[in-house]
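Same order as they appear, the protein sequences are chains U and G.
In this text, residue positions in the first sequence follow this note's numbering: the first is 1, and each later residue adds one.
In this text, residue positions in the second sequence follow this note's numbering: the first is 282, and each later residue adds one.
Watch out, some of these pointers could steer you wrong.
Straight-line alpha carbon distances no greater than 20 angstroms define the calculated EDC-like cross-link-like pairs of lysine to aspartate or glutamate that follow [unchecked claim]: (1) U:260 with U:183; (2) U:195 with G:364; (3) U:268 with G:298; (4) U:195 with G:298; (5) G:287 with U:201.
Hints are computed from structural coordinates only; laboratory data are not their basis.
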Amino acid sequence: MHVLGIRNRGGDGTVDQVVDRVVDQLAQRGRVGVVRYDATIADGTHVHESATVGGDVTYDLGADGDWTATGTGMSVEDALDRLVPECRYAVVVGVENLQYPTLVVDAESSPDATAGEEAADDTLLATVSSPHDIDDDVVDAIEEAEPYETLESLVARVKQSPSADLAGAIATFTGRVRAKDDEDDAPTQYLEFEKYEGVADERMASLEAELEERDGVLAVELFHRTGVVEDGEDIVFVVVLAGHRTEAFRTVEDGINRLKDEVPLFKKEVTVEDEFWVHER
Amino acid sequence: MSTEWKLFADLAEHAGDRHVTVEASAGDTVGDALEQLLDGRPELAERVLEDGELRSQVNVLRNGTNVLVEEDGLETELGDGDELALFPPVSGG
Numbered sequence: 001m002h003v004l005g006i007r008n009r010g011g012d013g014t015v016d017q018v019v020d021r022v023v024d025q026l027a028q029r030g031r032v033g034v035v036r037y038d039a040t041i042a043d044g045t046h047v048h049e050s051a052t053v054g055g056d057v058t059y060d061l062g063a064d065g066d067w068t069a070t071g072t073g074m075s076v077e078d079a080l081d082r083l084v085p086e087c088r089y090a091v092v093v094g095v096e097n098l099q100y101p102t103l104v105v106d107a108e109s110s111p112d113a114t115a116g117e118e119a120a121d122d123t124l125l126a127t128v129s130s131p132h133d134i135d136d137d138v139v140d141a142i143e144e145a146e147p148y149e150t151l152e153s154l155v156a157r158v159k160q161s162p163s164a165d166l167a168g169a170i171a172t173f174t175g176r177v178r179a180k181d182d183e184d185d186a187p188t189q190y191l192e193f194e195k196y197e198g199v200a201d202e203r204m205a206s207l208e209a210e211l212e213e214r215d216g217v218l219a220v221e222l223f224h225r226t227g228v229v230e231d232g233e234d235i236v237f238v239v240v241l242a243g244h245r246t247e248a249f250r251t252v253e254d255g256i257n258r259l260k261d262e263v264p265l266f267k268k269e270v271t272v273e274d275e276f277w278v279h280e281r
Numbered sequence: 282m283s284t285e286w287k288l289f290a291d292l293a294e295h296a297g298d299r300h301v302t303v304e305a306s307a308g309d310t311v312g313d314a315l316e317q318l319l320d321g322r323p324e325l326a327e328r329v330l331e332d333g334e335l336r337s338q339v340n341v342l343r344n345g346t347n348v349l350v351e352e353d354g355l356e357t358e359l360g361d362g363d364e365l366a367l368f369p370p371v372s373g374g
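Okay, chain G solo, but in the shape it has when bound:
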């Protein structure tokens, strides 16, 4: 099994793609999946990381739930077929 990232707004532009599949799977962590996403994408890494930590304005969702607020952050364990999302502050309206 693999895990799919969905990227939005300028983060998709920095990554060069809206959808990226990584190898991390059930039992690995969201942090593992993030590391694989950023590996080989230095522009995206610079956009979302600051001193190796995720910038405070960047959101990470797992199956629609914010892992930084409602789960164990980047330590959150992945389940089978999870959908991850990475996006900047929302700006609807």
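The shape of chain U in the complex, shown without the other chains:
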């Protein structure tokens, strides 16, 4: 799933038009999810027409599978996690510091005024003053950025394989940030991954293709995040759709081992005490 942020900065009234225009453009290419952050939504203050009061999560279902929902305890990331298995795009409105390409809506903007800011913030895609500023370049730019993937989205993808009829097994591996190797270790705060752009993606794609050639292996998905990955977060996924469990397990193990050996990715570890490149230890 490709994620686009939209932030308001002096564009009151224009933001909704920009969101509508973006969603309209994206919807021509695939299913779109929208996450709106609104700090005024708080327990008891957000007016919702649901007849039920008191449930922690409420789904109101209608004809043809239409629905609305309200609930408590959901972060922006939780919302993206729910969208990702079934949406090709997510538009996130009103969230600061999103680690994905972001449009800033400013009715007064001029290209010159924001040139310096764009250099300083590598997630800033463009500053727009009107919905007419949205063109195919925006869509192309969000497709080029690292997608949002989870174990669930990759599992959903292999289930869509044309050979899924032959599959009796899905095996997966999830690599995550380990705070400590030992009880006495200084806790890891985050890892930062650097990728050889282009070459890393080619190697991952050819590794997937090689693993898919094995007898009984029907589909393989590999995904590795880059940039900062915090303590406890997931880093890498290997998902294998296979006829039977034996080849599924073997292929998952070989897949993660070869990814770690062959794909040009570099890991810097930052603990509460120290910072180092992992290959130097």
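Model the placement of chain G on the given structure of chain U, informed by the hints.
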């Protein structure tokens, strides 16, 4: 024509830059391009060389292919517009 080096992880830190353009071009060798890269970058040279030879853990790629494994090592001849990469052992996952 010139040739671009891409550097990764601590090698980029030792070089002070992630991208370095050198004069070596088609007909020259990867070794020529490496010599130009290391010239004036003693920290990087110390990191990647041992007794004048490339340390065994350092990888050199030309257009995504490892020249030390699949080509003629530092004798590999450059083509037009080649992209070279220098990096330590990979450490994904």
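Hints and how they fare:
1. U:260 with U:183: 25 angstroms, violated
2. U:195 with G:364: 16 angstroms, holds
3. U:268 with G:298: 17 angstroms, holds
4. U:195 with G:298: 15 angstroms, holds
5. G:287 with U:201: Holds, because 16 angstroms separates the two Cα atoms, which is no more than 20 angstroms.
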